[in-house]
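J.: Here are the chains, one letter per residue:
There are 2 protein chains.
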Amino acid sequence: MSRKVSESTVRRLSLYLRILEEMASPGGTVSSEDLAERTGTTAAQVRKDLSLFGSFGKRGLGYSVEELSGRLRAILGLDRTWNVAMVGAGRIGSALFEYSGFWKRGFHIVAVLDADPAKVGRRWGPITIQDASRLEEVIGGAGVDILILAVPAREVHAIVDRAVAAGVRAILNFAPAQLKVPEDVALKHVNMVMELEALSFTLSQDRKER
Amino acid sequence: MSRKVSESTVRRLSLYLRILEEMASPGGTVSSEDLAERTGTTAAQVRKDLSLFGSFGKRGLGYSVEELSGRLRAILGLDRTWNVAMVGAGRIGSALFEYSGFWKRGFHIVAVLDADPAKVGRRWGPITIQDASRLEEVIGGAGVDILILAVPAREVHAIVDRAVAAGVRAILNFAPAQLKVPEDVALKHVNMVMELEALSFTLSQDRKER
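Going down the list, the sequences are from chains F and U. Per the numbering used here, the first sequence starts with residue 133, numbered consecutively. Per the numbering used here, the second sequence starts with residue 133, numbered consecutively.
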């Protein structure tokens with residue numbers, strides 16, 4: 133099924149779930165028009181997105197907020213916890229580790245690794261930072277579902293190759309680098325500074341045009 | 133010119149700049165093959181990307197690391213500073229404010245606003261958190277180039293409408309919401325939890341297929 137569902141659909145499913153969770157009355161109902169308006173799409177799109185996953189709601193009555201939230205959580209794999217390992221215990225890694233939003237959504241950071249001997253052995257809450265040389269062991273042994281990469285760009289390619297060889301299935305990359313992974317490995321990127329650079333590029337070009 | 137340059141080209145320009153900045157010898161040269169290999173693209177793509185902005189390098193001699201870095205910084209608008217205002221002084225806002233990567237790249241957070249009276253008036257380093265009702269004044273008065281939104285999804289739409297009306301030209305949004313802005317306003321999104329949810333969706337679907 134994952135092949136047929138587009139990235140933008142998955143993104144909208146995440147948005148619908150957020151809207152539902154923010155609603156004042158979880159016992160109430162919500163219409164596709166409501167969901168559409170609050171997520172910047174159309175009611176037809178909402179119905180189409182949801183219809184990919186079976187039948188929801190009753191004609192004319194809308195969706196039960198509670199039922200639809202539960203179904204969306206199940207579809208998105210948020211009705212369980214995922215074990216996350218993180219490579220890179222620098223500033224970004226530390227901020228991510230402390231970010232409660234991950235934990236609330238069921239993403240549990242179970243291991244942190246770093247190549248810097250000065251960081252190895254330090255404790256972050258219940259976690260002891262391990263040497264990055266143990267990556268394969270951690271991925272194989274701890275039942276790691278998702279790997280977060282918060283390392284410099286020059287280190288990330290070698291780490292990805294090792295992680296993929298060790299069997300990792302999903303990677304969230306914060307390093308400013310384009311990565312090559314096999315088709316069956318899911319890969320997402322987050323890079324705040326590069327997004328800012330794209331904005332500054334646009335602003336600069338606009339100025340030159342005037 | 134900004135209309136003709138694709139988002140993926142701008143992203144690669146950012147990557148090339150990072151590779152150049154990480155190189156050991158800024159006085160040396162680099163080939164398009166080198167840049168391609170380190171950024172996961174082809175040498176032809178590197179040459180095509182750079183040719184959009186004029187002539188670089190000498191045939192057979194490669195690019196001067198120092199010259200190309202300087203040209204890329206100018207193209208990306210990183211040869212100057214940009215004033216950034218941020219709405220939302222919660223956990224994400226605070227982490228962003230403390231992230232030195234922004235400052236290093238010339239993105240200076242000059243104002244922080246929040247709607248919570250308990251936060252207004254608090255000092256973050258040299259900044260005093262202002263009431264969100266002053267958004268229009270801040271955008272108009274402080275020469276704000278870029279607005280960062282680190283507020284809950286339910287608040288973000290109203291803030292964007294006000295910011296656009298007040299003349300903001302570029303927005304980096306961390307709230308989990310799709311936003312509608314006029315064509316001449318540049319908009320980028322960063323949402324770590326939604327990227328993780330896309331990964332958990334893929335992992336879940338994979339399991340159901342087996």
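None of these hints come from the bench; they were simulated from the model. Do not take every clue at face value.
List time: in silico DSSO-like cross-link candidates among lysine-lysine, alpha-carbon distance up to 30 angstroms [claimed, not checked]: (1) U:Lys251 <-> F:Lys320; (2) U:Lys340 <-> F:Lys312; (3) F:Lys340 <-> F:Lys136; (4) U:Lys136 <-> U:Lys180; (5) F:Lys236 <-> U:Lys340; (6) U:Lys312 <-> F:Lys251; (7) U:Lys312 <-> F:Lys340; (8) F:Lys180 <-> F:Lys251; (9) F:Lys312 <-> F:Lys251; (10) F:Lys136 <-> U:Lys190; (11) F:Lys136 <-> U:Lys312; (12) F:Lys236 <-> U:Lys320; (13) U:Lys251 <-> F:Lys340; (14) U:Lys320 <-> F:Lys312; (15) F:Lys190 <-> U:Lys320; (16) U:Lys312 <-> F:Lys236; (17) U:Lys180 <-> F:Lys180; (18) U:Lys320 <-> F:Lys180; (19) F:Lys236 <-> U:Lys136; (20) F:Lys340 <-> U:Lys340; (21) F:Lys312 <-> U:Lys236.
Treat the numbers as computed from the prediction; the structure is a model and nothing was measured.
J.: Determine for every hint whether it applies to the structure shown.
T.: Now the hints, each set against the structure:
For the given pair, Lys251 (chain U) sits about 34 angstroms from Lys320 (chain F) by alpha-carbon distance, which is inconsistent with the 30 angstroms threshold. For the hint linking Lys340 (chain U) to Lys312 (chain F), the alpha-carbon distance of about 26 angstroms falls within 30 angstroms, and the restraint holds. With a C-alpha separation of about 42 angstroms, the suggested pairing of Lys340 (chain F) with Lys136 (chain F) is violated against the 30 angstroms cut-off. For the suggested pair Lys136 (chain U) and Lys180 (chain U), the alpha carbons sit about 13 angstroms apart, so the restraint of at most 30 angstroms is met.
In summary, the hint linking Lys236 (chain F) to Lys340 (chain U) is supported, as the alpha carbons are separated by about 24 angstroms, within the 30 angstroms threshold. The straight-line distance between the Cα atoms of Lys312 (chain U) and Lys251 (chain F) is roughly 44 angstroms, outside the 30 angstroms bound, and the hint therefore fails. For a cut-off of 30 angstroms, the pair hint linking Lys312 (chain U) to Lys340 (chain F) stands: about 26 angstroms separates their Cα positions. Taking the CA atoms of Lys180 (chain F) and Lys251 (chain F), the gap is about 49 angstroms. The hint is violated against a cut of 30 angstroms.
Among the hinted pairs, Lys312 (chain F) with Lys251 (chain F) is consistent with the structure: their alpha-carbon atoms are about 28 angstroms apart, no more than 30 angstroms. For the given pair, Lys136 (chain F) sits about 46 angstroms from Lys190 (chain U) by alpha-carbon distance, which is inconsistent with the 30 angstroms threshold. About 27 angstroms separates the Cα atoms of Lys136 (chain F) and Lys312 (chain U), which keeps this hinted pair within 30 angstroms; it holds. The suggested pairing of Lys236 (chain F) with Lys320 (chain U) holds, with an alpha-carbon distance near 25 angstroms, which does not exceed 30 angstroms.
For a cut-off of 30 angstroms, the pair hint linking Lys251 (chain U) to Lys340 (chain F) is broken: about 39 angstroms separates their Cα positions. For the suggested pair Lys320 (chain U) and Lys312 (chain F), the alpha carbons sit about 24 angstroms apart, so the restraint of at most 30 angstroms is met. Distance hint between Lys190 (chain F) and Lys320 (chain U) is unfulfilled; the C-alpha atoms sit about 36 angstroms from each other, more than 30 angstroms. A threshold of 30 angstroms between alpha carbons decides the hint, and for Lys312 (chain U) with Lys236 (chain F) the separation of about 28 angstroms falls inside it, so the pair holds.
Distance hint between Lys180 (chain U) and Lys180 (chain F) is unfulfilled; the C-alpha atoms sit about 40 angstroms from each other, more than 30 angstroms. Our distance criterion of 30 angstroms between C-alpha atoms is met by Lys320 (chain U) and Lys180 (chain F), whose separation comes to about 26 angstroms. Between the alpha carbons of Lys236 (chain F) and Lys136 (chain U) the distance comes to roughly 42 angstroms, so the proposed pair goes past 30 angstroms and is violated. Restraint check for Lys340 (chain F) and Lys340 (chain U): the C-alpha separation of about 52 angstroms exceeds 30 angstroms, so the hint is violated.
With a C-alpha separation of about 28 angstroms, the suggested pairing of Lys312 (chain F) with Lys236 (chain U) holds against the 30 angstroms cut-off.
Going down the numbered hints, you'll see the structure goes against 1, 3, 6, 8, 10, 13, 15, 17, 19 and 20, while the others check out.
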